[in-house]
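**Student:** Read off the chains here:
2 protein chains.
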Amino acid sequence: MGGDGGPDLTVSASLEALRKAPELALVLVGDESQIAPLLTHADQGLASRCTLHHSDQMVSDQDKPGNVLRSARRSSMYQAAELVKNDSVQAMVSAGNTGALLMIGRHLLKTLDGIQKPALVAALPGASRQTLLLDVGANPVCDAQQLFEFAVMGSVLAESLHGSPARVGLLNIGAENYKGTIEVRHAADLLERCKALNYVGFIEANELFDGLADVIVCDGFVGNVTIKSSAGVANVVAQLLEEELRKISAVDDMRLPATVRRLSAKINPQRFNGASLLGLQGSIVKSHGNATAEGFAYAIAQAVAEVENAVPQLIAKRVAAIITAS
Amino acid sequence: MGGDGGPDLTVSASLEALRKAPELALVLVGDESQIAPLLTHADQGLASRCTLHHSDQMVSDQDKPGNVLRSARRSSMYQAAELVKNDSVQAMVSAGNTGALLMIGRHLLKTLDGIQKPALVAALPGASRQTLLLDVGANPVCDAQQLFEFAVMGSVLAESLHGSPARVGLLNIGAENYKGTIEVRHAADLLERCKALNYVGFIEANELFDGLADVIVCDGFVGNVTIKSSAGVANVVAQLLEEELRKISAVDDMRLPATVRRLSAKINPQRFNGASLLGLQGSIVKSHGNATAEGFAYAIAQAVAEVENAVPQLIAKRVAAIITAS
Numbered sequence: 071m072g073g074d075g076g077p078d079l080t081v082s083a084s085l086e087a088l089r090k091a092p093e094l095a096l097v098l099v100g101d102e103s104q105i106a107p108l109l110t111h112a113d114q115g116l117a118s119r120c121t122l123h124h125s126d127q128m129v130s131d132q133d134k135p136g137n138v139l140r141s142a143r144r145s146s147m148y149q150a151a152e153l154v155k156n157d158s159v160q161a162m163v164s165a166g167n168t169g170a171l172l173m174i175g176r177h178l179l180k181t182l183d184g185i186q187k188p189a190l191v192a193a194l195p196g197a198s199r200q201t202l203l204l205d206v207g208a209n210p211v212c213d214a215q216q217l218f219e220f221a222v223m224g225s226v227l228a229e230s231l232h233g234s235p236a237r238v239g240l241l242n243i244g245a246e247n248y249k250g251t252i253e254v255r256h257a258a259d260l261l262e263r264c265k266a267l268n269y270v271g272f273i274e275a276n277e278l279f280d281g282l283a284d285v286i287v288c289d290g291f292v293g294n295v296t297i298k299s300s301a302g303v304a305n306v307v308a309q310l311l312e313e314e315l316r317k318i319s320a321v322d323d324m325r326l327p328a329t330v331r332r333l334s335a336k337i338n339p340q341r342f343n344g345a346s347l348l349g350l351q352g353s354i355v356k357s358h359g360n361a362t363a364e365g366f367a368y369a370i371a372q373a374v375a376e377v378e379n380a381v382p383q384l385i386a387k388r389v390a391a392i393i394t395a396s
Numbered sequence: 071m072g073g074d075g076g077p078d079l080t081v082s083a084s085l086e087a088l089r090k091a092p093e094l095a096l097v098l099v100g101d102e103s104q105i106a107p108l109l110t111h112a113d114q115g116l117a118s119r120c121t122l123h124h125s126d127q128m129v130s131d132q133d134k135p136g137n138v139l140r141s142a143r144r145s146s147m148y149q150a151a152e153l154v155k156n157d158s159v160q161a162m163v164s165a166g167n168t169g170a171l172l173m174i175g176r177h178l179l180k181t182l183d184g185i186q187k188p189a190l191v192a193a194l195p196g197a198s199r200q201t202l203l204l205d206v207g208a209n210p211v212c213d214a215q216q217l218f219e220f221a222v223m224g225s226v227l228a229e230s231l232h233g234s235p236a237r238v239g240l241l242n243i244g245a246e247n248y249k250g251t252i253e254v255r256h257a258a259d260l261l262e263r264c265k266a267l268n269y270v271g272f273i274e275a276n277e278l279f280d281g282l283a284d285v286i287v288c289d290g291f292v293g294n295v296t297i298k299s300s301a302g303v304a305n306v307v308a309q310l311l312e313e314e315l316r317k318i319s320a321v322d323d324m325r326l327p328a329t330v331r332r333l334s335a336k337i338n339p340q341r342f343n344g345a346s347l348l349g350l351q352g353s354i355v356k357s358h359g360n361a362t363a364e365g366f367a368y369a370i371a372q373a374v375a376e377v378e379n380a381v382p383q384l385i386a387k388r389v390a391a392i393i394t395a396s
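Heads up: the protein sequence lines correspond to chains A and B, in order.
The opening residue of the first sequence carries number 71 in our numbering; numbering runs sequentially from there.
The opening residue of the second sequence carries number 71 in our numbering; numbering runs sequentially from there.
Warning: the hint list may mix true and false statements.
Note that the list lumps identical chains together, so a pair holds whenever it fits in one copy or between two copies.
[As the list claims (entries may be wrong)] Pairs of lysine to any residue residues, derived as SDA-like cross-links and limited to a Cα-Cα distance of at most 25 Å, are as follows:
#1 K134 - H256
#2 K265 - G281
#3 K187 - E253
#4 K187 - E246
#5 K180 - Y248
#6 K90 - A112
#7 K134 - E253
#8 K265 - R119
#9 K180 - T251
#10 K187 - T251
#11 K187 - R255
#12 K134 - E246
#13 K187 - A245
#14 K387 - V270
#15 K187 - P210
#16 K187 - V211
#17 K187 - I252
#18 K265 - L139
#19 K265 - R341
#20 K134 - D113
Hints are computed from structural coordinates only; laboratory data are not their basis.
With the rest of the complex left out, here is chain A (with noise of 0.2 Å):
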């Protein structure tokens, strides 16, 4: 139900994210009404691995996160975490209110052993291969300990996706050891001492697209804004880019609306929606609230992979391999 789009949105994001993976089936949480008939005039191979699942009530972006566990009981968030919690599915997808979503998601899936609190993970668009950004907004201020969780999190994440060990970055101010607050030198601290981690040291953040860790950690503050201004930098290139190529007629050339098509899909932020909450006894997925439907079927295919990754128990595993060895 959330997001700009509402159901027409991620209805049709469903049924994408359904054509792309053959083993997927999907419990769509919200109002009938609304929903029923989206499906209705559906691909009827498609709609018929959707169950729908009804609920009155709908968290709202003006809801505000401190009340929905008393007022939002019924509401699709809280219904879909509940399925969840109950393992009557693996995974859930939302682009309703995050702060909702994180006290929902906290207080009915609990944080994992080990975890102080759940992270919000987002990718970077990179060179060669993806960079994992967390915390990206669940908290806004953290200590050391918990961005040394962010790292064995994110590590796991990043492990599970490629298939080969991880590098971890602290993002801070500068290179040098004096520099950053006292929290990110001590959590720099934390990880030189941990063997389990490869931690490759400080990252600037004009370094952030270079490649040089495939995990990169700071608190949730710093992080939503560094996603946040960077789709905002790409968003108005993106602009000028097509403001200059109008200049020029793209008739003159044919092969030039294929190449501002190509250099579009590389710079797409929908590509890379889709941020997992790490540290929660359970995959939840958090899709930008204006996201597109293309945007909401990446968002899903995200959760597919924790889920076939089994992400939470590598997690559990790995913190707890961390804390015995410690």
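Could you slot chain B onto chain A? The hints should help.
**Tutor:** Chain B alone, transformed into the frame defined by chain A:
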């Protein structure tokens, strides 16, 4: 002497700045044996407007800021700041060690009455007119009062550059008043209560380039990450653009190279080089260490604009007025 290009680059930028500003005179502080030959081979009309101030020591990027006050008094950086302090020059520009520059600047020039700490301010490339962001690295941790002072200083600079009242925003990770850190929320209260500022509320990082505010305030960690990640994205996009355009031979359409040049000029990070250190009793402008000669010349132009607009004096006046009113 500072920056990746050394005197070769800074002298060439100096000559370029002199060419553009006919009333400008420069004192070049550094190693005479390196600088004098560069001036000998330059246009003598421009070179005659340079005075050489010899210094046989320099602060390197490896020097710890905490040590420079004791050990680097003969350095070009320290000597240049002394020239500002003694009113021998009206502003200084450096591409050297940022931490050392902050330390020396604060030690020699002192902060203005009513300002706790100076802040580095940088211009964000904006759609319509420039947006200033501060702090971008001088203060990794800030309390609400500091953020408020940054708003005052940024407003004065923006108004002196644009000649019209400045809209001030606070960088946050959401629009709702319960979002963000305690410091940011408290700063919002201070800004809302201050009638002398035109406070427009929270700005999210994806809106940084939308021209919603003329001044955007954040702590130095967040600001540093913001400008560096923005530059990182712009570089990635520029590289991708170049790769794609190389695939379609530029000679096919002679207008294509001009298009790319116009686009590059618009997103050129060198144009936005030059971060002013605001809040001191004198003007100091920091250039990126990796700025080109063109970029360093922009940093000099930024110093010229601050002197012409008497920015430190205006800040002192505005701060005094706000303190009196509150």
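**Student:** Please list, smallest to largest, the hint numbers that this structure does not respect.
**Tutor:** 8, 18, 19 and 20
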